[in-house]
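Make a model of the complete structure from these sequences and hints.
Residues per chain, in single letters:
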Amino acid sequence: MAILELTNISKHFGAIQAVNDISLSLAAGEVVGLMGDNGAGKSTLVKMIAGNYRPSHGTMRMEDRELVMHKPVEARQHGIEIVHQDLALCNNLTAAANVFLGRELRLGLGPLKILDYAGMYKRAGQIFAELKSETRPRDLVKQMSGGQRQAVAIARTRLSNAKIVLMDEPTAAISVRQVAEVLNLIRLLRDQGIAVVLISHRMPDVFAVADRIIVLRRGRKVADKKIAKTSPEEVTGLITGAIEQV
Amino acid sequence: MSTTANTMAKTIEQKQQSWLSEKLNSQTFWVFIAVVFACLFLTFATDSFATTKNLYNITRNVTFVAIIALGMTLVIITGGIDLSVGSVLCLCSMVLGVTMHAGYGIEVGIAAAIATSLIVGAFHGVLIAYIGMPSFVVTLGTLSVARSLAMVASGNTVVFEFGPDHDLLLALGGGAWFFGIANPVLYMIVLALITGFVLRWTRFGRYVYAIGGNEHAARLTGVPVRPIKVAVYMISSLSAGIAGIIQTGWLGAITTNIGAGLELQVIAAAVIGGAALAGGVGTATGAIIGAALIEVIRNSLGLLGINAFWQGCFIGGAILLAVLFDRVRNFRQNDE
Chain A
1 MAILELTNIS KHFGAIQAVN DISLSLAAGE VVGLMGDNGA GKSTLVKMIA GNYRPSHGTM
61 RMEDRELVMH KPVEARQHGI EIVHQDLALC NNLTAAANVF LGRELRLGLG PLKILDYAGM
121 YKRAGQIFAE LKSETRPRDL VKQMSGGQRQ AVAIARTRLS NAKIVLMDEP TAAISVRQVA
181 EVLNLIRLLR DQGIAVVLIS HRMPDVFAVA DRIIVLRRGR KVADKKIAKT SPEEVTGLIT
241 GAIEQV
Chain B
1001 MSTTANTMAK TIEQKQQSWL SEKLNSQTFW VFIAVVFACL FLTFATDSFA TTKNLYNITR
1061 NVTFVAIIAL GMTLVIITGG IDLSVGSVLC LCSMVLGVTM HAGYGIEVGI AAAIATSLIV
1121 GAFHGVLIAY IGMPSFVVTL GTLSVARSLA MVASGNTVVF EFGPDHDLLL ALGGGAWFFG
1181 IANPVLYMIV LALITGFVLR WTRFGRYVYA IGGNEHAARL TGVPVRPIKV AVYMISSLSA
1241 GIAGIIQTGW LGAITTNIGA GLELQVIAAA VIGGAALAGG VGTATGAIIG AALIEVIRNS
1301 LGLLGINAFW QGCFIGGAIL LAVLFDRVRN FRQNDE
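Chain order of the listed sequences is A and B.
So for the first sequence, the numbering used here puts the first residue at 1; every next one is plus one.
So for the second sequence, the numbering used here puts the first residue at 1001; every next one is plus one.
Bear in mind the hints are in silico, worked out from the structure with no lab data behind them.
Any given hint could turn out to be false.
Quick partial rundown of chain A residues pointing at chain B, CB under 8 Å, derived from the structure [said to hold, decoys possible]: (1) L89; (2) N91; (3) A97.
Covered, in the sense of this in silico footprint (three residues per stretch, anywhere, with C-beta under 8 Å from a C-beta of chain B), are these stretches of chain A [what the hints assert, rightly or not]: (4) 14-27; (5) 67-78.
Glycine residues also receive a C-beta, built at the ideal position from the N, C-alpha and C atoms.
Have a look at this one:
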């Protein structure tokens, strides 16, 4: 049962065809690795799913209803969460403040509402516990390791009832031990029935955690295979164009 | 049972430690200590410091810089700067003076002055947040424009007759209605409490810090960055307008050079109080304490019989020391 269904999606910016006639589907509890060289169209595709761009052609359907979004906030309302490559964290704020950024819990009635510090610390603490992360809600993000920062960014996706989580290069620029932490976080999300789209350049990470791999080249989908039926060598060939299509 | 009690005790101890270390780590706290020591020293070193009259003067003189520093702190937290506050103060005073001089009541005068400040602030905010101009340049422009407009409005004369509500205006700024505390001090306290509350307890305050910490991240997470920035510049100008109204009442006369150079004192107060020009850091308490340190330095030089020409050296030294202190602390943290 597909949770998200893209049919013949294209996106062009002026004369540039960034994404060309791509169809794909995502199922609940599935991790899909989205791979491709720079400029292959990965980001554009993900930005359409995240509500940043509107497709030029084609349709998106989520749980059998047509999905039309005008801004990123709407994606969130539909249960699509994105973990940005730069994580979009404010170093000067606490972990809890970052988790709740843009959707703070508040107390009080009418226009005079105050921030619910206790509530946010508590809920953030619960989420970190669920994610088996040692991140403490009151710590400032600037004092955190790369893995902890990832945990804060991922914790955001747990606030709502997310059905799809898009992750942009979550394992770039962090240490080996932290990569293992992040891959575990991805497995945790999957086990809760969330569909995860993992954009990555790092072949070992994708093969470690993904169920399926989609390869893009020059805006087109050139492969969509179960992980067991492919190999790093084949995927490399598909990315570079040494292998035309499978 | 005893282990639970032990863990409890440990947690509490840790909490207290972190509270204490947080205080010891804050620039505001050390500047506060400096102010207290300076006051104690002056109390014993001079006969004239701890007199009712001198304390009355000091506390009142602090307010004008302090009130604007509250607004400035918000701007600085977002990573911006507002150089126009001195000129905006002058313009708002002049609008108030000219309106009341023309025979309108004090309500009309104050409403006109406040409206002027909000319009100037909104103008800044739109150019900065929506057009993307640097705050330094935009407010540098207004620094010039606002004072020029004040000259145009008044014909570059001194306004000292404020129509039917003349006495009320002077009492508002120059009186002391409660326990002999100068009225401006009361306004400052109320405004500081409001600013502190807004920064700490409201979503707006949280967004102000978020924008200063990482504007791009704030935008991606759905923070309405642009409207918040406009509001912040409006608040900054408003604080200058309020200070202008109070100062007019206190002085009883307005010239077109009031508030000249004030922006630098205000920025100095905010920075001494711990606001970081890179954005993301600053408090209302810091703004007040920073303003207090500047005023105490100024006052003490006079009382100690030191030539007033030295004032700039001491205030400049305080700015450098406060920020140097902050750097040294950061070095230590990075080393660990």
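To see whether the hints hold, each was checked on the structure:
A least Cβ separation of about 6 Å between L89(A) and chain B falls short of the 8 Å threshold, and the interface hint therefore holds. Restraint check, N91(A) versus chain B: the minimum CB separation of about 6 Å is within 8 Å; hint holds. Taking 8 Å as the C-beta cut-off, the interface hint given for A97(A) holds, the closest approach to chain B being about 7 Å. Counting residues of the stretch 14-27 of chain A whose CB lies closer than 8 Å to any CB of chain B gives 0, so the stated coverage by that chain is violated, three being the minimum.
Counting residues of the stretch 67-78 of chain A whose CB lies closer than 8 Å to any CB of chain B gives 3, which reaches the minimum of 3, so the coverage claim holds.
In this structure, the one hint that does not hold is number 4.
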